[in-house]
Amino acid sequence: MTDSLLAKSIDKILEKTEKEILANLENSFSNTKQTLDDSIPKLEQEFDKIISDGKKEADKIEKQIIGSSDLEVRNKHLLTLEIAIDKVFTKALDQIANTTRSGDYSNLMNTLLDESTKILSTTKVIVSTNSKDKDLVQSLLSKYPGAELSSQTINCLGGVIVKSKDGAMKFDNTLDARIQRMKPLIRKEIATKFGVGN
Amino acid sequence: MTAKGGVQYSKIAEIKGPLVVVDDVENAAFDELVEIETKEGERRLGKVLEVGNGKAIVQVFEGTTGLSISGTSAKFVGKLMEMPVSKEVLGRVFDGLGRPKDGLPDPIADKFIDINGEPMNPEQREYPKDFIQTGVSVIDGMITLVRGQKLPIFSGSGMSHNILAAQIARQANVVGTKDDFAVVFAAIGVQYSEAEYFRRSLEESGALKRSVLFLNTADDPAIERIITPRVALTVAEYLAFDLGMHVLVILTDMTNYAEALREISAAREEVPGRKGYPGYLYTDLSTIYERAGKLNGRKGSVTQVPILSMPSDDITHPIPDLTGYITEGQVVLGRDLFRQGVYPPINILMSLSRLMKDGIGAGSTREDHSEISNQVYDAYSRAQEVRALAGIVGKAGLTDIDLKYMDVGDVFEKEFLTQATDENRTIEETLTILWKIVSKLPKNEITKIKDKYVDQYYQEN
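Residue numbers (our numbering), protein chains in the order written: chain A, 1 to 198; chain B, 1001 to 1461.
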């Protein structure tokens, strides 16, 4: 009698516990499902964020690579162009240095002397030139009262350096100085011939 | 440009600070370029400041250190200082006088332009109203920069203005148009490490391709700093008005420029003005700042972001004071925010972009931009008051709504203001964060935004 009552009680307890466990399981299952359902939009948001961050990063890296390689190419191009310009320059300077000192050249020297004395506002000057032009300049100086040719020659392609007799003013009218002043424009001309900067 | 050169004078009467006085000079002109040649054949550049009575006062850009009265000569070149310009200047690095500093040859010039620029005809000026996206939330969202505007950054010694400047230079862009955009960056009297940072930062981000850098470092002669902003602006004007690009000019640090001006003024024995700066500081600064703008019928624009560090963080100092009169607003960096580690430490309550209203809204940014910005400004201001109150009565003494405002202040500083130095936020992202801040408040506290925008953008918690 007592045994059967005990067995019944145990069965009841077992049944109750089973129900509770099942209910808990069901509850947990629905909670888990709810949590999963809730996390889907968050996950989607997170996914979108990762994708957009990745895209941004990729864009950044792409810009870096394209930017630096473009610049590298451009810089190499500039250096190559400069080498070519220098070659043209050197050749042109050689040609000027070897020009025959007569005709047009004599007129040019006359103009250079004229210009120099006008700028210094005096003809009482000391004129320096290179050894090649010495005789030519000497012959032209007769037109300028008070002008003297310096005994020392200078190293230049052509042209003259004119100094006032007190040494306070100097005007460099050598071909070298004139070319130097015009160099940016000459470089542009040469570059244009190479098809750059049209 | 002519082949004819200038006369070289060898009678140097006096060398005083950065100035050289040349005697027996005829036919020199104001602002004329001068080549000073030392006994050893070294050449330095200068310009004529004054002429008269057979004398010329020459300001030597590279300083007079090592010059002596005997053996030094001054050649008056017969032209003003010019900058050779062409599209090829993009991607190049120059020194403060516009000479290449990147080991490459001089750019093949398309034009030679007087660095003093030509004043813009006021009649021809076009009102600036197009948005520039810097990718920095606080600037785009609340102190919006527009094309053609001059918007200075007032900073203090040691603060992160240079990092901010480099970030703006890397990220700035015009949205909604395919027009070319370029950045001209002039570093005036910065440390070598800072100059290197700017160069590397632009190089590594790929932004150097569309930038031109002028670097005058702290060890370069101070007088060179007078020229640096002018050569930078000359290039900017060429890119903008000849090539039709939208150009952002960043000038840092204008305080160093003003100090160089003071040095020359002292050497010329001029009557000093406030703090020893010359009385014409305002006029001189305006010759730089007023070179920003847009012109009717021309495609490009020049936008300026001059940066200046306020000595002792004093906003009433003559440099920020006079700058503020000329420019169209200011971005102020706050020492407190900087100490808290906030980057960029922009104090929005002291900052203002006067042209913002015309560059935002439907068609340029978004229709709710102006209202959301005003609401956040208002809420952050209230948050500051609540923080001050909490400092006295403690948090326990605050009402629920006060606590919500405190929360707004925290979110504003941590999520909106704080940004990584390489984080480039779009205007949409910026506006989303602004709405997140406002959504910390109950709807009845939102009084500056139309209901339709609240319904559309308010984020329910």
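It is possible that some hints are incorrect.
[Unchecked claim] Once the Cα atoms are required to be at most 35 Å apart in a straight line, the calculated DSBU-like pairs of lysine-lysine come out as: (1) B:Lys1016 <-> A:Lys76; (2) A:Lys49 <-> A:Lys87; (3) A:Lys188 <-> B:Lys1275; (4) A:Lys49 <-> B:Lys1209; (5) B:Lys1111 <-> A:Lys188; (6) A:Lys33 <-> A:Lys49.
[As the list claims (entries may be wrong)] Okay, the calculated bits of chain B under chain A, using three or more residues with CB under 8 Å as the criterion: (7) 1239-1245; (8) 1358-1372; (9) 1394-1401.
[Unchecked claim] Covered by chain B, according to a simulated footprint, are these stretches of chain A (three or more residues, beta-carbon under 8 Å): (10) 28-37; (11) 75-81.
It should be emphasised that the hints constitute simulated quantities derived from the structure, not laboratory data. Here a beta-carbon is modelled for each residue, glycine too, at the ideal position from N, C-alpha and C.
How the hints compare with the structure:
1. B:Lys1016 <-> A:Lys76: violated (44 Å)
2. A:Lys49 <-> A:Lys87: Roughly 57 Å separates the two Cα atoms, so the pair is violated.
3. A:Lys188 <-> B:Lys1275: violated (47 Å)
4. A:Lys49 <-> B:Lys1209: holds (29 Å)
5. B:Lys1111 <-> A:Lys188: Cα-Cα ~10 Å, so holds.
6. A:Lys33 <-> A:Lys49: holds (24 Å)
7. 1239-1245: Three-residue rule not met by the region 1239-1245 of chain B, so violated; n is 0.
8. 1358-1372: Three-residue rule not met by the region 1358-1372 of chain B, so violated; n is 0.
9. 1394-1401: violated (count 0)
10. 28-37: Since three or more residues must qualify, the claim that chain B covers the region 28-37 of chain A is violated, with 0 doing so at under 8 Å.
11. 75-81: That given contact holds, which follows from 4 residues of the region 75-81 of chain A lying within Cβ reach (below 8 Å) of chain B.
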